[in-house]
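Participant: Sequence:
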Amino acid sequence: MKILFMKITLRASWVHSLKEKRMIVKSITQKLKNKFNISVSEIAKQDTHKTIIIGIAGICATMAQADSTMENIITFIENNTDAEIIHIEKEELKI
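Note that the working numbering has the sequence shown beginning at 1, numbered continuously upward.
Watch out, some of these pointers could steer you wrong.
What the hints assert, rightly or not - With a cut-off of at most 35 Å between alpha-carbon atoms, the simulated DSBU-like pairs for lysine-lysine come out as follows:
1) 90 - 26
2) 2 - 45
3) 94 - 45
4) 90 - 50
5) 90 - 33
6) 26 - 2
7) 31 - 50
8) 31 - 90
9) 33 - 94
10) 35 - 2
11) 45 - 7
12) 33 - 7
13) 33 - 50
14) 35 - 90
15) 94 - 7
Unchecked claim - For each label pair, taking beta carbons as the anchor points, the in silico distance ranges come out as:
16) 19 - 62: 38 to 48 Å
17) 35 - 89: 12 to 22 Å
18) 11 - 41: 10 to 20 Å
19) 26 - 85: 17 to 27 Å
20) 23 - 63: 27 to 37 Å
21) 16 - 64: 41 to 51 Å
22) 20 - 61: 36 to 46 Å
23) 63 - 20: 33 to 43 Å
24) 13 - 94: 36 to 46 Å
25) 64 - 19: 38 to 48 Å
26) 65 - 13: 32 to 42 Å
27) 78 - 42: 10 to 20 Å
28) 64 - 23: 33 to 43 Å
No lab work stands behind these hints: they were computed from the structure.
Ideal Cβ positions, reconstructed from N, Cα and C, are used throughout, including at glycine.
Using the sequences and the hints, build the whole thing.
Facilitator: Here is the structure:
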């Protein structure tokens, strides 16, 4: 069994308020939860309206499945939000 962790930093340069940012964060986190059955939350910079940092955790059966899931998550985010991915941290733990 593998546990995958991801920290993804996005930049939403067109956002002008925290209310706009919250709508984007809520939308993308809910879509990710529904599509991939993973845990997702905004983990930092909640008071900065142009920067979104989300944390993702999930459990996979194999290393190949974990790698595939991480790549699919990144592709899904790129295709479902106008925010630009500026940094990705990935980690996998073997249990």
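Participant: Against the earlier hints, flag every one the structure doesn't satisfy and list their numbers going up.
Facilitator: Of the numbered hints given earlier, the structure breaks none, since each of them holds.
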